[in-house]
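Assemble chain C onto chain Z, guided by the hints.
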Amino acid sequence: MTFKQILIIQLLTALLFFLPYSSAVYSDQNELLNLSVEDLLNIEVISVAKKAKSLNDSPAAIFVITQNDIKRIGATSVPEALRLAPGLDVARIDANKWAVSARGFNGRFSNKLLVLIDGRNTYTRAFAGVYWENQDVMLDDVERIEIIRGPGASLWGANAVNGVINIITKHSTDTQGGLLVAGGGTEEQGFGAFRYGGMINNATSARAYVKGFKRDKSPHQSGSDAGDDWDKVQGGFRLDSQLTTQDNLTIQGDAYRSIINQNTTFPQSTPPFQNNFNETVNAFGGNILARQQHTFSSTSDYSLQFFYDFYQRDEALFIESRHTVDIDFHHRFAFLGRNDIVWGLGYRYNHDNFQADNIAELHPSSRNDQLFSAFVQDEITLAEDSLWFTIGSKFEYNDYTGFEVQPTARLMWVPHHQHRLWAAVSRAIRTPSRLEHDIKVFAFVNPPQHTLPAVAIVLTGNPQLDSEQVISYEAGYRTTFINNLSIDFAAFYNDYSNLRSMHSDTPFLNPRTGILERPLFFSNNFKAKSYGFEISAVWQMLDWWRWDANYSLFKIDLDGQPAEDATGGRSPQQHVSLRSAISPMQDIDLDIIFRYVDRNRARGFFGTAVIDGYVSMDLRLAWRPANDIEISLVGQNLLAAQHLEYRQENFTQQTEIERGMYGKITWNF
Amino acid sequence: MLTTKKTLSLIAFLLLFLSGLNQAWSRSVEKQTVLAVLTLNIARFTSWPEPAFNAEAPLNLCVFGDNIVQQSFEAIDNKKANNKTIHIINLSRLRNLDRCQLLYLSKLDRSRLKPLLMELKTRPVLTVGENMEFLKAGGMVGLEKINGKMQLSINLHAVKQSKLVISSRLLKLANIVDLPARVH
Chain Z
882 MTFKQILIIQ
892 LLTALLFFLP
902 YSSAVYSDQN
912 ELLNLSVEDL
922 LNIEVISVAK
932 KAKSLNDSPA
942 AIFVITQNDI
952 KRIGATSVPE
962 ALRLAPGLDV
972 ARIDANKWAV
982 SARGFNGRFS
992 NKLLVLIDGR
1002 NTYTRAFAGV
1012 YWENQDVMLD
1022 DVERIEIIRG
1032 PGASLWGANA
1042 VNGVINIITK
1052 HSTDTQGGLL
1062 VAGGGTEEQG
1072 FGAFRYGGMI
1082 NNATSARAYV
1092 KGFKRDKSPH
1102 QSGSDAGDDW
1112 DKVQGGFRLD
1122 SQLTTQDNLT
1132 IQGDAYRSII
1142 NQNTTFPQST
1152 PPFQNNFNET
1162 VNAFGGNILA
1172 RQQHTFSSTS
1182 DYSLQFFYDF
1192 YQRDEALFIE
1202 SRHTVDIDFH
1212 HRFAFLGRND
1222 IVWGLGYRYN
1232 HDNFQADNIA
1242 ELHPSSRNDQ
1252 LFSAFVQDEI
1262 TLAEDSLWFT
1272 IGSKFEYNDY
1282 TGFEVQPTAR
1292 LMWVPHHQHR
1302 LWAAVSRAIR
1312 TPSRLEHDIK
1322 VFAFVNPPQH
1332 TLPAVAIVLT
1342 GNPQLDSEQV
1352 ISYEAGYRTT
1362 FINNLSIDFA
1372 AFYNDYSNLR
1382 SMHSDTPFLN
1392 PRTGILERPL
1402 FFSNNFKAKS
1412 YGFEISAVWQ
1422 MLDWWRWDAN
1432 YSLFKIDLDG
1442 QPAEDATGGR
1452 SPQQHVSLRS
1462 AISPMQDIDL
1472 DIIFRYVDRN
1482 RARGFFGTAV
1492 IDGYVSMDLR
1502 LAWRPANDIE
1512 ISLVGQNLLA
1522 AQHLEYRQEN
1532 FTQQTEIERG
1542 MYGKITWNF
Chain C
273 MLTTKKTLSL
283 IAFLLLFLSG
293 LNQAWSRSVE
303 KQTVLAVLTL
313 NIARFTSWPE
323 PAFNAEAPLN
333 LCVFGDNIVQ
343 QSFEAIDNKK
353 ANNKTIHIIN
363 LSRLRNLDRC
373 QLLYLSKLDR
383 SRLKPLLMEL
393 KTRPVLTVGE
403 NMEFLKAGGM
413 VGLEKINGKM
423 QLSINLHAVK
433 QSKLVISSRL
443 LKLANIVDLP
453 ARVH
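As given, the protein sequences belong to chains Z and C, one line each in that order. Each position in the first sequence, counted from 1, maps to that position plus 881 in this note's numbering. Each position in the second sequence, counted from 1, maps to that position plus 272 in this note's numbering.
For reference, chain Z alone in the conformation it holds in the complex (with noise of 0.2 Å):
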């Protein structure tokens, strides 16, 4: 017999033991119907985390991954969480970057992805996506990810193109008392947590939390080291205020400070044109957030939020600092009895500051750039919990191309509730960054061949440089028509156009170095047609035992381009990944996660890399010695001693990650 054959025969003799126990937890109900009271109130109950798939009944693709969802897989990072939402594209590129993305565009410069940690937006305007280095939360304090796929901008404005990331953390009366975790291994070297909540007064709740980690450095393809180890320390705290019985208060802030190593490469105007070297990037940071929201009635309520947020980047390239400050006004009420409006107005500042004095610089250095929001959303119920149309669109003024509209219309059908129907037609736009506005930079140089000199490629901001705009067409059915499986589908065609590009201008000679400078600048003349869909599914096999299943499908035209001349980076066609949650007794888990990611290409200053497709495998056992006690153990990456999975755009060389395993103790107290 061959190893597959030995292998099936072993898998379906362990499905025939569990078969017969199915059949009980079915014909329960029945039984129960006939049960008393007082038999029902002493019957001994389990709860069991069969998820529901959709969080309601949002005509959008939304997929919700649930505090246990991130136990169970053993996530030590928020990205690698993400990895369980279909559609997502989620890479790491070395021990401290990510690269992740929603239907498409990846690259760690994405920039059509919104992100948002309890309505906080984490989005810099310095390249237009998020540092996903810099961003932290205790995990065991979220309560929920939700992941909007497709665009969000009617709501949350530009850069919300391809999908919108909601963080959201536990209220402080949910995290009463004190966690403590600690854990290591061969990557995670080394981590912990502790967060205490208490009362301050009858309505007033509090937590603050501190949580530290050391990761290893990672590994390039020949196995010699990439010097990519960091380490991050963060606190932080939130507050609940029941002021009075309409008004609710949240004060929340956090603040960090990260030592990130890198191996970084600069081209330079002499021999041998590049420069190889270590670098240590000191990364601090931190916000602070208010919200009060006052509740007029059940249908009518409004929230002011505020917040500021700070960061610093000493890196070789640039020294970046930057604020924001936001102040944030929703108001919802409903009209006329069939219509559920929500309004808003937005303001958001930004001070930056670029110390550059390498092979790169900003002009100007420092800028303040001012955003002003207004939007408007109906839902309006054409019959009864059954059909609902919402139109909407959001208005922005920005410092760089001015006056944006961004409107939606969606329909929501649910003619049984066991199956639901939605479709959306969106416009968004991603508005330039600071970067692509002001930024000159050797992006590299070519050594001199014969009698022609070394010639530098100069990548030059445009400040003319117009938005990226979509017209997203999207459709999708929910179904939990089979007892115990979900499953949603979402499908999506996605018009591109004004898609950044770059056009070289004619090479001068800089009499100051004696090369050729070739000036390469952005312009607005890609357009891309992208189409495809996602698949998610839950099984219930049995209380005990449950499976999650995700497939999706991403097609990209480039509008006759090769793949290979597309600026920025591109997402794998498909995506697969299985997970299974069994616990075999209640206070065992025991978690395995498949995930196959089909080929890719990752494209950057250093040309084209290809990235072959891969199959990795995650495990975590979990024992629960006392109520509050949780040790587990989880090993990430296991089929492989190391793969590549992305290679930034630009400066560093290509990194692979390893295989790796921790162990982590939980105490609640």
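Hints may be right or wrong, so weigh each one.
[What the hints assert, rightly or not] Covered by chain C, according to a simulated footprint, are these stretches of chain Z (three or more residues, beta-carbon under 8 Å):
| id | region |
| --- | --- |
| 1 | 1174 to 1182 |
| 2 | 1200 to 1207 |
| 3 | 1361 to 1372 |
These aren't lab readings, by the way, just hints derived from the structure by calculation. Predicted, not measured: the structure shown is a model, and the values here were computed from it. Where is the CB? At the ideal position from N, CA and C, for every residue including glycine.
For chain C alone, kept in the frame of chain Z given last:
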């Protein structure tokens, strides 16, 4: 170093091993199923004031919750409660609640729960929820899992305000609280 083959066989063996270990689970019942059946029983022990609905009309049991919650209530659709047929209405939005005689509210944001229960306060709608917070916010019946068993709590103050009557047979089994909705 673990090879792919070895890892896969290890998993298969683990599954085989685990298949013998599910005794604890097969005896107990899943919570959501019990919640639905308990809600049916609570309806059986409740009488609504006369004008709440006419004699032939069914008893409308409105369910607000995710697909798992809705699925669990399917089993009690069309069952009888004191000569009335239970009719399950799965709510997608918290609108048009006048048609409900019983409202089962699965998890709802604090900020929305309280005003909703305030508005229902004097109407003959029996509100059933999942924990003590629900009663504190002005809900009538709370079903909470405590030490592996369901505990029934009833907020008498809220029940009386709505002119509903819950049978003393049920009250005897419940943990009685008498909470006016908290101002703070």
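Quick rundown of the hints versus the structure:
no.: 1; hint: 1174 to 1182; in the structure: holds (count 7)
no.: 2; hint: 1200 to 1207; in the structure: violated (count 0)
no.: 3; hint: 1361 to 1372; in the structure: holds (count 3)
Violation of the numbered hints given earlier is confined to hint 2; every other hint is satisfied by the structure.
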